[in-house]
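K.L.:
Residues in the sequence shown are numbered consecutively from 474, following the numbering used here.
Hints were generated in silico from the structure; no laboratory data involved. A portion of the hints provided could be inaccurate.
Computed Cβ-Cβ distance ranges for the label pairs, DEER-style [claimed, not checked]:
1) Ile511 with Arg566: 44 to 50 Å
2) Glu505 with Asn560: 28 to 34 Å
3) Ser529 with Phe509: 17 to 23 Å
4) Lys563 with Arg504: 31 to 37 Å
Glycine is no exception: its CB is placed at the ideal position from the N, C-alpha and C atoms.
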Amino acid sequence: LDAFARFDSVAAAEVVRADRKINKEWRSILRETSSFMIEDPRTITAAIDVMFMARSLERIGDHTKNMAERVIYTVQGEDVRHTGSKNILKVARRDSINVTLEADEEKSED
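Turn these sequences into a full structure, and let the hints steer you where they fit.
P.N.:
Below, the structure written as structure tokens:
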């Protein structure tokens with residue numbers, strides 16, 4: 474939300490990168506809970522509850538990533554969906570480089 478409020482494309486790119494970590498954790502939880510269910514069938518109900526909770530958190534991460542991609546689009550004017558996290562960070566940093574250059578130009582004019 475901070476990236477959205479400040480129109481900070483670099484912070485938004487970091488959100489996109491964090492989503493990859495969330496997805497990795499979700500897959501790990503799926504593996505672990507599946508193992509628990511196989512080892513002890515009495516844990517199936519609780520394990521399924523954990524899986525649904527983890528999936529909900531993973532979806533929150535996906536929605537957050539979508540918002541971050543829209544922030545980058547709003548600030549940079551470039552659609553970064555489905556382009557990979559390296560490209561997203563590259564596009565997002567263009568703004569901070571341009572702002573720095575513009576600030577330097579304004580100082581030299583004064």
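K.L.:
Confirm or reject each hint.
P.N.:
Hints and how they fare:
no.	hint	in the structure
1	Ile511 with Arg566: 44 to 50 Å	holds, 46 Å
2	Glu505 with Asn560: 28 to 34 Å	holds, 32 Å
3	Ser529 with Phe509: 17 to 23 Å	holds, 19 Å
4	Lys563 with Arg504: 31 to 37 Å	holds, 33 Å
Hint violations for this structure: none, all hints satisfied.
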